[in-house]
Amino acid sequence: MTEVYSIDPLIIKTPYEITYKHSYGKTSRFFTALSSGKLMATRCEHCKTTFLPPRSDCPYCLAETKWVEISGKGKIHTFSTLYFSGERFLKDLPFQLVYVDLEGVDTLFLTRLKTKDMKKVKVGMKIRMKISRDPEWRSSDVWAELDE
Amino acid sequence: MPRKVAVVAGGLSYFSKARRDKTQEELAAEAARMALFDNDINLSKDDIDGTIVSYFSDHFENQLLFGSIIQDYLGFNPKPSVRIEGGGATGGLAVRDAYAHVASGLLDVAMVIGFEKMSEVNTAKGNEFIALASDTDWDFPIGGFYSGYYALMAKRHMEEFGTTEEQMAMVAVKNRNNAQHNKFAQTNPKMNPFGMKDGGKITVDDVLKSPYVAFPLKRLDICLMSDGAAVLILASEEKAKKITDTPIWITGTGAGTDAMRAGDRPRTLSGVPILPHEKKEWYKNLEYPGVHSFRAGRESARQAYKMAGITNPLKQLDLIELHDAYTSSEIQTYEDLGLTKYGQGGKLIEEGVTALDGELPVNPSGGLIGTMHAVGATGVMQGVEMFWQLQGVAGKFHGSDKTQIKNAERGLIHSHAGTGTYVTATIMER
Ligand SMILES: [Zn+2]
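Chains as they are written, first to last, in numbering that gives the first Met the number 0: chain A, 0 to 147; chain B, 0 to 429.
Keep in mind that the hints were calculated from the coordinates and are not lab data.
The model shown is predicted, which means the values in this text are computed figures rather than measured ones.
Just to be clear, a hint being listed does not mean it is correct.
Unchecked claim - List of simulated lysine-lysine pairs, DSS-like, C-alpha gap at most 30 Å: (1) B:Lys240 x B:Lys78; (2) B:Lys240 x A:Lys121; (3) A:Lys90 x A:Lys65; (4) B:Lys241 x A:Lys90; (5) A:Lys115 x B:Lys340; (6) A:Lys119 x B:Lys208; (7) B:Lys340 x A:Lys74; (8) B:Lys78 x A:Lys20.
Stated by the list, open to error - Where chain B lies over chain A, by a calculated footprint (3+ residues, C-beta under 8 Å): (9) 26–39; (10) 61–75.
Even glycine gets a Cβ: it sits at the ideal position worked out from N, Cα and C.
All chains should be modelled from the sequences, with the hints used to inform the complete structure.
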């Protein structure tokens, strides 16, 4: 039965749900490699650029890239603490976002920083990427922790 | 050779957090009626040759092909129409597309119809829809929320250049307080019958004490979410001169782009596209654009300035309507537009240069922080505001003379999407 929210003007409530079957295509390997504890990026041998998130095709050369393992060590490029978010992350609040500058990678990687004391976090601090043992098959299966 | 193109009329709806009194097409009619009947023009609805329809999301209303509903509702069938979508820059891209339609001769008189109704889902769901305009494989699952993305960029700008939260707060105060003289503004409960109850003037202290949404951004650093519509009418030179004695010419337009994931943007030394008044050596030690600057904004300005013959924007522009999604992004954009050197944006607001009575007022309308952000309407609203300002009639429409920039002859409207993924800059002149 239709739920009525207001009579004047007449406002009705309409729920809407959908399930997508989304393919990660050639970047699927990033996620499957995580289960063997490996953090993989892609590299263009033509222009020597390494990408994480991985790109199967180099945007500079349109050459096909190759998979390379990376150390997962890096530094905080910038950070934020979130006290509000989109609907599906409200349950996680507050949480910390960082762009990390990873060894051997030319792009910055957006991830969460898991730390008990956000107040001491500074740009330039060393981090290490961690891999979830309980994969959701999303980019949130990896995150950063301070490397002290 | 493109034809000269003028803006000849503009109209706005009242903006509000929720215009539950009207449907989206009824809001569009409210703005279209103002454009056709409240401007001093010799033009009937039948003289419109086609429309450019500007809206961002199909999700907010769960209705695809809304453009067709608008075209039908406003009675423009069977004339040509096209829908333009480019995130937050939807409106700027639509104005640019209308310019192209008229300049090319495809249309003689074109109506741009911008609108959005964001209130039919709750705020957190609305923020989630907006965040779907970020990479849903990689960025969104981390905690998809635009204020978070902008907070990361703002923090890097602070780190790189020493920009402060106080400087950011000054932007909020300027725009919010300008809006108190504009009857269309959502934060203006005195003049707007649909205005928010807790609107009104604010101080730097109010901003600094407002709660963090995403450090360093606080609630009052962040733009509105709105319901509303904006309509602009463009015409060829020949038609424009018959329609009005005071056409406002579009003399330059530029559009730039950058990577959807801000982290993928290069960090190149000497990577800054240099404007005519700048020197390459200023930026030889700056990694560019990184996540602290909007290369798309710089590129859009570079093209628009070149087309309009602008070699010193601070001196040659009289006002700007700037896409202030965040106080931080207004400061970042001062630099992209070349109003000051990269890194000096915070000083520009501090020195009052962009205040209503400053050398180059920015957002006399109140912008997205004070007036509205009904996404598809936003860039079109900027065009309407600039049109009224350059005609010298802003006071009449706003319901207060305080916002009219005296003797304004040339201005820039700046429309911005994503984390700076699509940006347009358009120059309008008396
Ligand atoms: Zn390459």
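Results of checking the hints against the structure:
Using a Cα cut-off of 30 Å, the hinted pair B:Lys240 and B:Lys78 holds, with the two alpha carbons roughly 23 Å apart. Restraint check for B:Lys240 and A:Lys121: not satisfied, since their Cα atoms lie roughly 59 Å apart, outside the 30 Å limit. The suggested pairing of A:Lys90 with A:Lys65 is violated, with an alpha-carbon distance near 37 Å, which exceeds 30 Å. Of the supplied pair hints, the one linking B:Lys241 and A:Lys90 is violated, its CA atoms being roughly 60 Å apart against a limit of 30 Å.
Distance hint between A:Lys115 and B:Lys340 is unfulfilled; the C-alpha atoms sit about 39 Å from each other, more than 30 Å. Simply put, A:Lys119 and B:Lys208 have alpha-carbon atoms about 22 Å apart, close enough for the 30 Å limit, and the pair holds. In summary, the hint linking B:Lys340 to A:Lys74 is supported, as the alpha carbons are separated by about 28 Å, within the 30 Å threshold. Between the alpha carbons of B:Lys78 and A:Lys20 the distance comes to roughly 39 Å, so the proposed pair goes past 30 Å and is violated.
Using a Cβ-Cβ cut-off of 8 Å, 1 residues of the segment 26–39 of chain A lie near chain B, which falls short of the minimum of three, so the contact claim is violated. Only residues whose beta carbon comes within less than 8 Å of a beta carbon in chain B count, and the segment 61–75 of chain A has 0; fewer than three means the coverage is violated.
In this structure, the earlier hints numbered 2, 3, 4, 5, 8, 9 and 10 are contradicted, and the remaining ones agree with it.
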